[in-house]
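Protein chains: 2
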Amino acid sequence: MNDIDRAARAVREDRLWQRHLDMAKLGGTAKGGVNRQALSPEDAAARNQLMGWAKARGFSVFTDAIGNLFVRRAGSDDEARPILSGSHMDSQPTGGRFDGMYGVLAAFEALEALEDAGVRTRRPIEAVAWTNEEGSRFQPGAMGSAVFAGHYLLASALTVTDWKGVVLREALAETLAAAPATRRGDAPGFALDGYVEAHIEQGPRLENAGTTIGVVTSIQGSRRFMVEILGEEAHAGTTPRAARKDAFVAAVAIAGAMQAATRDTDDTLRFTIGRVDVQPGSPNTVPGRVSFSIDMRHPSSEVLDAHEAKLRAIVAAGAAPCTASIERTMAVAPTVFDPDVIGLVRDAARRQGFSHMDMPSGAGHDAMHIAGLCPTGMVFVPCERGISHNEVENATPADLAAGTRVLVEALLRLANR
Amino acid sequence: MNDIDRAARAVREDRLWQRHLDMAKLGGTAKGGVNRQALSPEDAAARNQLMGWAKARGFSVFTDAIGNLFVRRAGSDDEARPILSGSHMDSQPTGGRFDGMYGVLAAFEALEALEDAGVRTRRPIEAVAWTNEEGSRFQPGAMGSAVFAGHYLLASALTVTDWKGVVLREALAETLAAAPATRRGDAPGFALDGYVEAHIEQGPRLENAGTTIGVVTSIQGSRRFMVEILGEEAHAGTTPRAARKDAFVAAVAIAGAMQAATRDTDDTLRFTIGRVDVQPGSPNTVPGRVSFSIDMRHPSSEVLDAHEAKLRAIVAAGAAPCTASIERTMAVAPTVFDPDVIGLVRDAARRQGFSHMDMPSGAGHDAMHIAGLCPTGMVFVPCERGISHNEVENATPADLAAGTRVLVEALLRLANR
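Here the protein sequences line up with chains A and B, keeping their order. For the first sequence, my numbering assigns the number 1 to the initial residue and increments by one for each residue that follows. For the second sequence, my numbering assigns the number 418 to the initial residue and increments by one for each residue that follows.
Hint data in this document are derived by calculation from the structure and do not stem from the laboratory. Backbone N, C-alpha and C fix where the C-beta goes; we use that ideal spot for every residue, glycine too. Some clues are possibly wrong.
With a straight-line cut-off of 25 Å between C-alpha atoms, the simulated SDA-like cross-links for lysine to any residue are [to be verified]: (1) B/Lys727 x A/Ala243; (2) A/Lys164 x B/Asp579; (3) A/Lys164 x A/Asn35; (4) A/Lys31 x B/Asp431; (5) A/Lys31 x A/Ala45.
Ranges of calculated distance between the beta carbons of each label pair, as one might list FRET restraints [unchecked claim]: (6) A/Leu153 x B/Lys727: 20 to 28 Å; (7) B/Ala447 x A/Ala320: 48 to 56 Å; (8) B/Ala447 x A/Pro339: 53 to 61 Å; (9) A/Pro41 x B/Thr813: 22 to 30 Å; (10) A/Arg57 x B/Ala447: 55 to 63 Å; (11) A/Ser156 x B/Gly449: 32 to 40 Å; (12) B/Lys581 x A/Thr265: 41 to 49 Å; (13) A/Asp186 x B/Gly449: 49 to 57 Å; (14) B/Lys581 x A/Arg12: 44 to 52 Å; (15) A/Lys310 x B/Arg680: 40 to 48 Å; (16) A/Val166 x B/Val809: 31 to 39 Å; (17) B/Asn465 x A/Val166: 34 to 42 Å.
With the C-beta cut set under 8 Å, the calculated list includes, among others, these residues of chain A facing chain B [said to hold, decoys possible]: (18) Pro93; (19) Glu233; (20) Ala320.
Just chain A, same shape as in the assembly:
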């Protein structure tokens, strides 16, 4: 039996599943999800858990200036540029057990499978846990991979604050003090020869099609906006409607118009108002200020441009007697993955006999930043009812193992190129 089959077979479904259960205890919630936000004590606990497993297998561990965590399995040519695989360990405030964590544990399982199968690779292979992919505590998300790729300045990242005013630099220092690892280099980023990220789909397509492996061809573009509406606080019992500047009335009109303007017929555009803040928030005071976030995504930059123009027109037109403004806080262009890596993933799925389909990714992933550095691709596995960013997020041990078997083959081929 050849190295590839021995390595793929060495992937242990039970071990991989148990590691997910162990990690789910760190920040675990009553509803069975996790609250493991970036650079929190729970994040530090997950880092220590991963490092403990790594050291038990004799793998070396490194971190960098933004806290990305690397587990390295040496190659026969240890000077060769490494192959990376991984994702993130931070979660949404009410997140699930698999979003991100699966990609980290699948990469680590791949290293263990290669070890157990006694398979050497020419290039080193490293499992990576990128810092702050979710961006729910510190924005923007995918921060660790963006800084690694040079798409976002380390200096800017270190000065970001969370909603409580905590500066990222301090949260990072506390996390690395609680979960210490050798620092690799001064500035993040080093030469890679390939990157493959495994992830749950976070959407319903694979499950609906009864397909095990998603061969990811691209990531849709994504833009974030903040809308702010200024009115005037007034007494709810005495102020006639004609004399009011009710910021929430204006917000409802603007949000409703935006929701209508983004109803595309093929249901491809993703439009979400996820965070809404109404001030002062007293039941008998007319709101004087409302702000809300917009998350909008589509595979085509042109479509995003067109809809951004609609949103701006609605804000410009729709707020009287209040005033409104809209600011774009983030824009990530669509990502197209490397044809060779896409082919390796597709061939691995086919060769191992897993049902598979090519598909774009609806969600952003760290891979979108790494794709500019080296040949990059992704492997998706189904998640129950397509539900993610939710405590009930679920996946099957068999699907997680299947994705990891495809991943180990792709990594092995890349590491011997």
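Given the coordinates of chain A, assemble chain B onto it according to the supplied hints.
Positioned in the frame of chain A, the structure of chain B alone reads:
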């Protein structure tokens, strides 16, 4: 010169204004307003300030089991049922310097004017500061006067918690420990012979009409509701619109329909959505839960019934694929004031040569609870642009003094009946 003219002339505009400035320092905000929420340290400071002024004038001070604070000027027949006048000293989170505080300071100025003029009254006259009128920290509002009147159980009030989980019983004990006063009786409430409350209008009618005194004939009815919408959290990037249960999309539809259904042609109905909570509040997660408060007021119970039915129909119809519910959390019937007291206030304004108009109160006031106990009325003075529940709330020293001169005449006539 008779007692009435001597007492009215003894009202000192400068002293009354300075007391407002002194009280505005307790919980004063950068924008010139106050944040003096019920049973907070700022509330205790205001109580100590008022008690200090009272003791300097030789007035006696009492409190009761819900923390209502009374300043008593003895009558020649000190066993006779007293006449009360006052309002509240607690404020909205971003409140103004005059809402409530004016009624307390006007009543205290009336006591001082009678003292300075050497006018005896048959009945005792008491200035009162009712506990927690605003209801922004502990709900319901007008709690102190409602408990005093027996409209709300003391035992229920003591177990209310604020949004941080602080129990009112403990906040009250801390406040009374910080601002100690003699306890009068075990249970709140005692026999009264009359009540007159002075207040800023909190609306634009007096200012627009160029009128100094509002002779308040009634208080419109008011109802509070909570609407809760349950959807399903999902990933903002991957979940197609058709697969979403977006609680904020449903909330916008419901709120918009309610706003349209409450646009009466004569602009008399007051409809306000003041508190909105969107969960989990992450920019890239489809909201799974939204709740919002409704404050609705009108002078006619029939009109309130009709619009409550509309709101319930909208909730019942409008939330799919989410589910929605609406709960009525408070209902206060319209209040009609005593014709004799209304007449005393109107006659006092006319006799002293102040422009005046009869008007209903748009806001709820402690007087609505006391009106069931004894002959009751109110005196309004203008506030700038009708703005209240706002840090820029303003009024003129001359108008505040004019209202107090009308108040002292009404109190004097009631106290000698």
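Exercise for the section: Identify every previously stated hint that the structure contradicts and give their numbers, smallest first. Expected result: The structure conflicts with hints 4, 6, 7, 9, 15 and 20, although it agrees with all the remaining ones.
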